[in-house]
Amino acid sequence: AQRVTQPEKLLSVFKGAPVELKCNYSYSGSPELFWYVQYSRQRLQLLLRHISRESIKGFTADLNKGETSFHLKKPFAQEEDSAMYYCALKAGGTSYGKLTFGQGTILTVHP
Amino acid sequence: DTAVSQTPKYLVTQMGNDKSIKCEQNLGHDTMYWYKQDSKKFLKIMFSYNNKELIINETVPNRFSPKSPDKAHLNLHINSLELGDSAVYFCASSKGTLVYSPLHFGNGTRLTVT
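Quick mapping for you: the protein sequence lines, in order, are chains R and U.
Take the first sequence: its letters are residues 1 to 111, numbered as in the numbering used here.
Take the second sequence: its letters are residues 1 to 114, numbered as in the numbering used here.
By construction, these hints were calculated from the structure, which means they are not laboratory data.
Be aware that a few hints might be false.
[Unchecked claim] No more than 20 Å apart at the CA atoms, straight line, and that leaves these computed lysine to aspartate or glutamate pairs for EDC-like: (1) R/K73 / R/E32; (2) R/K15 / R/D81; (3) R/K15 / R/E79; (4) R/K9 / R/E79; (5) U/K44 / R/E8; (6) R/K9 / R/E20; (7) U/K44 / U/E82; (8) U/K22 / U/E53; (9) U/K44 / R/E32; (10) R/K65 / R/D81; (11) U/K19 / U/D38; (12) U/K95 / R/E32; (13) U/K36 / U/E82; (14) U/K40 / R/E8; (15) R/K9 / U/D38; (16) U/K36 / U/E58; (17) U/K9 / U/E24; (18) U/K41 / R/E8; (19) U/K36 / U/E24; (20) U/K95 / U/D30; (21) U/K41 / R/D81.
Note that this is a predicted model, so its numbers are computed, not measured.
In isolation and in its complexed conformation, chain R is listed as follows (with noise of 0.2 Å):
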């Protein structure tokens, strides 16, 4: 079975901070690694994803297969990043397109 673990429930930095928010996972195949994000009174929506290999508001997310992270990076923090940013893991077969999603991470910038 998938699992996704955010260690951090909260995290907080200053306006122009580097920021990282953790994600590890246990799969046994190849899995799709995604970062949602959902902003206050916003639905929750797709930041970016590991095939596209691309930044999205700065942020990028690198596939560690070996440590089996995807930890999202950001070098300078900015106030709108506030939010709440999911991990979530796609994986194939049997799993029908189900996401199995992180506890979370609650990201503050402070300015």
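Given the coordinates of chain R, assemble chain U onto it according to the supplied hints.
Frame of chain R; chain U shown alone:
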């Protein structure tokens, strides 16, 4: 406006009542999901339908009954509501069940059972 839309946004009801939450997507997706977000913000899948057929049922009490009249709709009916059912329920959709296909979420329905 292409999106996943849920109604109602808020639902307050008493224990023992029966209620429904509706979900519609106009993204042309063929797979739809219901997720539950509990008080600790933990998101967990409840059901998934692919082309109107149930493909995921994650040990949800049988008081919860999803219904998919067509590929664009997935409604959730809850019988005999209990206090523990209070949560935010999210509908989502995706194009197929392939591993690379991201989910698109609705705004959520906040259910409060008193």
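Worksheet entry | Hints that the structure is at odds with (numbers, increasing) | Hint 10 alone not satisfied by this model.
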